[in-house]
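Student: Chain residues, written in single-letter form:
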Amino acid sequence: MTLADTKRHSSDTGAARGWLSKNLFSSPSNSVLTVVVGSFLFFVLYAAVKFIFFDADWTIISVNKRLIFLGRYPQGEEWRVWPPLWLVFGLGGLSYGLLARASRRDLVWLGVILAFILGFLAHGGVGLLFGGATLFAIAAYRVGRMAEDRPRLRSRLRRAVIVGWLVLIPFTVVMIAAFGGVRPALWGGLLLNVLLAIVGIGVGLPLGILLALARASSLPVLKAVSTAIIEVTRGGPLVAWLFISRFVLPAFLPDWLQVDPIISAMFIVSLFTGAYVAEIVRGGLQSVDPGQSEAAHALGLNTFNVTLFIVLPQAIRAVIPALISQMIALWKDTTLFTILGFTDALGGAEAAFSQTEFIGRQKEALLFIALLFWSGSLGMSRLSQRFEKVLGIGER
Amino acid sequence: MTDNDSIDARVPIIICEDVTVSFGDFQALKGISARVYEQEVVVIFGPSGSGKSTFIRTINRLEEHDGGRIVVDGIELNDDVGNLEQIRSEIGMVFQQFNLFPHLSVMRNITLAPQKVRGVPKQEAEEQAMELLERVGIPEQAQKFPTQLSGGQQQRVAIARALAMKPKIMLFDEPTSALDPEMIKEVLDVMGELAHSGMTMMIVTHEMGFAREVADRFLFFDEGLVVEEGTPEQIFTNPKEDRTKLFLSQIL
Numbered sequence: 039m040t041l042a043d044t045k046r047h048s049s050d051t052g053a054a055r056g057w058l059s060k061n062l063f064s065s066p067s068n069s070v071l072t073v074v075v076g077s078f079l080f081f082v083l084y085a086a087v088k089f090i091f092f093d094a095d096w097t098i099i100s101v102n103k104r105l106i107f108l109g110r111y112p113q114g115e116e117w118r119v120w121p122p123l124w125l126v127f128g129l130g131g132l133s134y135g136l137l138a139r140a141s142r143r144d145l146v147w148l149g150v151i152l153a154f155i156l157g158f159l160a161h162g163g164v165g166l167l168f169g170g171a172t173l174f175a176i177a178a179y180r181v182g183r184m185a186e187d188r189p190r191l192r193s194r195l196r197r198a199v200i201v202g203w204l205v206l207i208p209f210t211v212v213m214i215a216a217f218g219g220v221r222p223a224l225w226g227g228l229l230l231n232v233l234l235a236i237v238g239i240g241v242g243l244p245l246g247i248l249l250a251l252a253r254a255s256s257l258p259v260l261k262a263v264s265t266a267i268i269e270v271t272r273g274g275p276l277v278a279w280l281f282i283s284r285f286v287l288p289a290f291l292p293d294w295l296q297v298d299p300i301i302s303a304m305f306i307v308s309l310f311t312g313a314y315v316a317e318i319v320r321g322g323l324q325s326v327d328p329g330q331s332e333a334a335h336a337l338g339l340n341t342f343n344v345t346l347f348i349v350l351p352q353a354i355r356a357v358i359p360a361l362i363s364q365m366i367a368l369w370k371d372t373t374l375f376t377i378l379g380f381t382d383a384l385g386g387a388e389a390a391f392s393q394t395e396f397i398g399r400q401k402e403a404l405l406f407i408a409l410l411f412w413s414g415s416l417g418m419s420r421l422s423q424r425f426e427k428v429l430g431i432g433e434r
Numbered sequence: 036m037t038d039n040d041s042i043d044a045r046v047p048i049i050i051c052e053d054v055t056v057s058f059g060d061f062q063a064l065k066g067i068s069a070r071v072y073e074q075e076v077v078v079i080f081g082p083s084g085s086g087k088s089t090f091i092r093t094i095n096r097l098e099e100h101d102g103g104r105i106v107v108d109g110i111e112l113n114d115d116v117g118n119l120e121q122i123r124s125e126i127g128m129v130f131q132q133f134n135l136f137p138h139l140s141v142m143r144n145i146t147l148a149p150q151k152v153r154g155v156p157k158q159e160a161e162e163q164a165m166e167l168l169e170r171v172g173i174p175e176q177a178q179k180f181p182t183q184l185s186g187g188q189q190q191r192v193a194i195a196r197a198l199a200m201k202p203k204i205m206l207f208d209e210p211t212s213a214l215d216p217e218m219i220k221e222v223l224d225v226m227g228e229l230a231h232s233g234m235t236m237m238i239v240t241h242e243m244g245f246a247r248e249v250a251d252r253f254l255f256f257d258e259g260l261v262v263e264e265g266t267p268e269q270i271f272t273n274p275k276e277d278r279t280k281l282f283l284s285q286i287l
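Keeping their order, the protein sequence lines are chains G and S.
Sequential numbering of the first sequence, starting at 39, is according to my numbering.
Sequential numbering of the second sequence, starting at 36, is according to my numbering.
Next up, chain G with everything else stripped away, as it sits in the complex:
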């Protein structure tokens, strides 16, 4: 018997004790710390688990699902939400398939989230539609994987995906609002948060890149204008800008420029996100070695092509973690819109626990909202890690 065998046989508790004494009880002060923090964690976790699985009454959620997810969105118009949602699922699956093989960890998370939604939230027709969307996403993922060894199909799909993501926002707005659809004032619930986030990212990201390029440009007027936009926008808190868009701006704008409060709110998030994205991207632009644009110029490429093909891709790659972090911040900031009286997911939850039969059930409602936002943030953070791996950041 070798020494290692003897050790293993001598007992697993020995190994466990070794680990404990090394990591948790290495000195008297560490031992005290371990006991204090450990007991604190124990009591908090015990209380949380006890509440979630035994004391809580989750009927507040199942009764108010509609309020939380759709707010005051009118009955009978729900069908308008499904096509964009299916598009998102399909595009998501296809993009993932084109980028990478799903890791086991991602699959587990997706499985947990799906089981939760199907088991707890979506029943009947909604469950079927949702399950269908899921199957659709899986099929799209398979197609994306299949294209891995077929460069022509791959480049064609890649183009389709890019076009798909680009048309998503206009398509969604048209589906929901056009042809006797639902006017913006009635958009609500998580749907509103998602729409605000998507518009904020979809408009704010390109706007931010343009602002960053303008600020880095050598044309004084462009530079001054961009710097002014960025600094003024960043100079105020989002909440202040929202109030201004709602109560101050309409007083100064001519009648034909008066838009729905939600539209002006979308304008504000886009501008706000754009200003922060601009500064992140500017940092990325500065990190690109000047030799890169020299080499590209030396080949005869014009400034537009040098920026588009050489400088910008490298700049954005360098700042993906910071960009995603900005997107996550924006996602959660969409709850601030409740202060303008919109019923987003958080507003829906507040409305739910103001109902007489659910008084005192704030904990359940707020925990559920936290879960919704947390899973959105987690998804974006995982997506960021995927991107970084695929793009080979840190391997440069």
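No lab work stands behind these hints: they were computed from the structure.
Using N, Cα and C, we set each Cβ at its ideal position, and we do this for glycine too.
Keep in mind that the hints are not guaranteed to be accurate.
Here are the computed distance ranges between Cβ atoms for each label pair [claimed, not checked]: (1) S:Lys201 <-> G:Leu206: 41 to 51 angstroms; (2) G:Trp57 <-> S:Pro216: 45 to 55 angstroms; (3) G:Arg192 <-> S:Asp115: 40 to 50 angstroms; (4) G:Glu115 <-> S:Gly154: 46 to 56 angstroms; (5) S:Gly154 <-> G:Asp327: 20 to 30 angstroms; (6) S:Gln178 <-> G:Phe174: 29 to 39 angstroms; (7) G:Glu115 <-> S:Gln178: 50 to 60 angstroms; (8) S:Glu162 <-> G:Phe174: 34 to 44 angstroms; (9) G:Leu152 <-> S:Gln178: 32 to 42 angstroms; (10) G:Pro121 <-> S:Asp115: 14 to 24 angstroms; (11) G:Leu206 <-> S:Gly172: 43 to 53 angstroms.
Computed list of lysine to aspartate or glutamate pairs in EDC-like fashion (alpha-carbon distance at most 20 angstroms, straight line) [claimed, not checked]: (12) S:Lys201 <-> S:Glu217; (13) S:Lys201 <-> G:Glu332; (14) S:Lys275 <-> S:Asp251; (15) S:Lys151 <-> G:Glu332; (16) S:Lys179 <-> G:Asp187; (17) S:Lys179 <-> G:Glu426; (18) S:Lys65 <-> S:Glu52; (19) S:Lys201 <-> S:Glu169; (20) S:Lys179 <-> G:Glu115; (21) S:Lys65 <-> S:Glu99; (22) S:Lys280 <-> S:Glu258; (23) G:Lys103 <-> G:Glu115; (24) G:Lys103 <-> G:Glu116; (25) S:Lys275 <-> S:Glu258; (26) G:Lys401 <-> G:Glu116.
Mind docking chain S on chain G? Use the hints.
Tutor: Chain S only, in chain G's frame:
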């Protein structure tokens, strides 16, 4: 290669007259006049800080001259952007730090400029890129990314990238200075082959053995001026200026 008798009969492809360049208060070039003829190989050498890199970078306006004239292939270098892009597409440049595009494959590094500047169709650009990669001896690396290559391989890709634009002139700014010793030869071999094929070249280098073999003419730079100019023969066996003698004795 050149034939000294006929050199004056040939057309100068680069003409520099009293070129000056300043960085703030510091004058890096104090009035350089030089001509480079078609198919000529000119080697520029001299101590560091003598302005030789600045000079070669001025030829394709990576540095702007503030005095004198530069005419390349009949086009004067000035603020006209159209002129500039045309001149740049006819001058290939190889840098000390390679400056390959790290986010693009070797193939894409080479095909990007022909496709975007010259409008060459993708397939044709790729075929041409493969020919060039074979010429520089690394066709098997086409699908790799620059960071997966050794320094010598990267510099050879950089040469292929410059050649893909079918330039009339190639500028080399210390092309082997960032390389490990064992990789210098593979790059010099490619440059030697290029010189023999009749390419007009301006080379800033400290590799005097190589320079002596390929150069038609040497320019010795010191403190922003051309101190001495001559054939390899004149420079190595009978330098006129004391500063040239001193510098050569230090590096040989």
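Student: Each hint: holds or not?
Tutor: Do the hints match the structure? See the list:
Distance hint check: the CB atoms of S:Lys201 and G:Leu206 are about 43 angstroms apart, consistent with the given range 41 to 51 angstroms. As the Cβ distance of G:Trp57 to S:Pro216 is approximately 50 angstroms, the hint placing it in 45 to 55 angstroms holds. The beta-carbon spacing between G:Arg192 and S:Asp115, approximately 42 angstroms, falls within the hinted interval of 40 to 50 angstroms. Restraint check, G:Glu115 to S:Gly154: a C-beta distance of roughly 51 angstroms satisfies the suggested window 46 to 56 angstroms.
In this structure the hint that S:Gly154 and G:Asp327 lie 20 to 30 angstroms apart at CB holds, the actual value being about 28 angstroms. Between S:Gln178 and G:Phe174 the beta carbon distance is about 34 angstroms. The supplied range of 29 to 39 angstroms therefore holds. For G:Glu115 and S:Gln178, the hinted distance range of 50 to 60 angstroms is satisfied, since their beta carbons lie about 51 angstroms from each other. Range check, S:Glu162 to G:Phe174: Cβ separation about 41 angstroms, and the 34 to 44 angstroms hint holds.
Our hint of 32 to 42 angstroms for G:Leu152 and S:Gln178 holds, since their Cβ atoms are close to 38 angstroms apart. For the pair G:Pro121 and S:Asp115, the supplied restraint of 14 to 24 angstroms is violated, since their beta-carbon distance comes to about 53 angstroms. Between G:Leu206 and S:Gly172 the C-beta distance comes to about 48 angstroms, which sits within the given range of 43 to 53 angstroms. Of the pairs offered as hints, the one joining S:Lys201 and S:Glu217 is violated, with about 29 angstroms between alpha carbons and a cut-off of 20 angstroms exceeded.
The hinted pair formed by S:Lys201 and G:Glu332 meets the criterion: a straight-line CA distance of about 19 angstroms does not exceed 20 angstroms. Simply put, S:Lys275 and S:Asp251 have alpha-carbon atoms about 18 angstroms apart, close enough for the 20 angstroms limit, and the pair holds. About 16 angstroms separates the Cα atoms of S:Lys151 and G:Glu332, which keeps this hinted pair within 20 angstroms; it holds. For the suggested pair S:Lys179 and G:Asp187, the alpha carbons sit about 17 angstroms apart, so the restraint of at most 20 angstroms is met.
The hinted pair formed by S:Lys179 and G:Glu426 meets the criterion: a straight-line CA distance of about 19 angstroms does not exceed 20 angstroms. For the hint pairing S:Lys65 with S:Glu52, the CA-to-CA distance comes to about 11 angstroms; that is within 20 angstroms, so the pair holds. A distance of roughly 16 angstroms separates the Cα atoms of S:Lys201 and S:Glu169; the hinted pair therefore holds under the 20 angstroms criterion. With a CA separation close to 52 angstroms, the supplied pair S:Lys179 and G:Glu115 exceeds the 20 angstroms bound.
At roughly 14 angstroms between alpha-carbon atoms, S:Lys65 and S:Glu99 fall within 20 angstroms of each other, so this suggested pair holds. Distance check on the hinted pair: S:Lys280 and S:Glu258 sit about 16 angstroms apart at the alpha-carbon level, within 20 angstroms; holds. Proximity of G:Lys103 to G:Glu115 is assessed by CA-CA distance (about 16 angstroms); at most 20 angstroms being required, the pair is judged to hold. Restraint check for G:Lys103 and G:Glu116: satisfied, since their Cα atoms lie roughly 13 angstroms apart, inside the 20 angstroms limit.
Between S:Lys275 and S:Glu258 the CA atoms are separated by roughly 17 angstroms; this keeps the pair inside 20 angstroms, and the hint holds. As the CA atoms of G:Lys401 and G:Glu116 are separated by approximately 28 angstroms, the hinted pair breaks the 20 angstroms bound.
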